[in-house]
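Chemist: So the protein sequences, as listed, match chains A and B. Position one of the first sequence corresponds to residue 1172 (the numbering used here), numbered consecutively onward. Position one of the second sequence corresponds to residue 1192 (the numbering used here), numbered consecutively onward.
One or more of the hints may lead you astray.
Below, in silico cross-link-like pairs of lysine-lysine (BS3-like), each with a Cα-Cα straight-line distance of 25 Å or less [as the list claims (entries may be wrong)]:
(1) A:K1175 x B:K1195
(2) B:K1194 x A:K1175
(3) B:K1194 x A:K1176
Hint data in this document are derived by calculation from the structure and do not stem from the laboratory.
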Amino acid sequence: MPKKKTLSLLIMDPPYESAKLITAFRIMHAAIVQGHNVNVFAFEGAVSITMKEQKAHANPVKNTSVEEEKHPTTKDWVSSLFAAAQKNGCQFNWINCGLCVDERGAGNWIEGPQRGSPKQFLQWAMESDTTITITAG
Amino acid sequence: MNKKFLSVIENPYRATFEELDDAGLWFSAAVKKEGADMSVLLVKGAVNYARAEQNPPTLSIGDMQTDNSPNFSKTISEMVKNGTPVYVCAEDANDYGLEKEALVAGVHKQSRGELARMIAGFDEIWWW
């Protein structure tokens, strides 16, 4: 059993826009299933990842129904990571940058994330074993 | 242990009219205010942020006029005054036509060949 470590990530990409978000989710997942603690600071467009109102939809191009399409939502993936952390006995913390939330009207999010500021990320960076920034560009 | 952080800004002008700032520079200044040992390196197009003479335009969209577009020479100048070491990659500055232009006072040019050694002196690199 590897020694439990803490990984902190800062992400910026909004949902459904870039391959980088899936990369970030895979890194979070890999760490959590190995029992490591993961902190995520969602900055800028990334605060929309956890919005409660996200809905799956049908696909008229592929003629699939909502059920057939099985369109994933990023909020469900985040909920799933919270559940995985609980199952694996590790911590998963998610902070949405408060100012970014305000300017985007993205304040109605799923259970789990908290509101915060760069101060929290700095604290995580100081205390973590390693930090990754996956920024938009 | 106090970690030394370096923010490398590579992708400039990302939503800067809307945010009135550069996200990476803003974040770096925010954590500096919280006591972080923070330095900034501007590379590629972001070297333009360090140009001394900048005159941001007024933005008109429909009936709305925005006349407080960010002036990055002021942003960088304030960072330098607040004790944040700011570097530009010298070769990138030349590539972007800045070799003969004045940079914001206090900004250091660092040759590309020396960047690896410089970066190795930091505990964490945040790449924007």
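Chemist: Could you run down the list of hints and mark each one as holding or not?
Modeler: Here's how the hints hold up against the structure:
| no. | hint | result |
| --- | --- | --- |
| 1 | A:K1175 x B:K1195 | holds (24 Å) |
| 2 | B:K1194 x A:K1175 | holds (21 Å) |
| 3 | B:K1194 x A:K1176 | holds (18 Å) |
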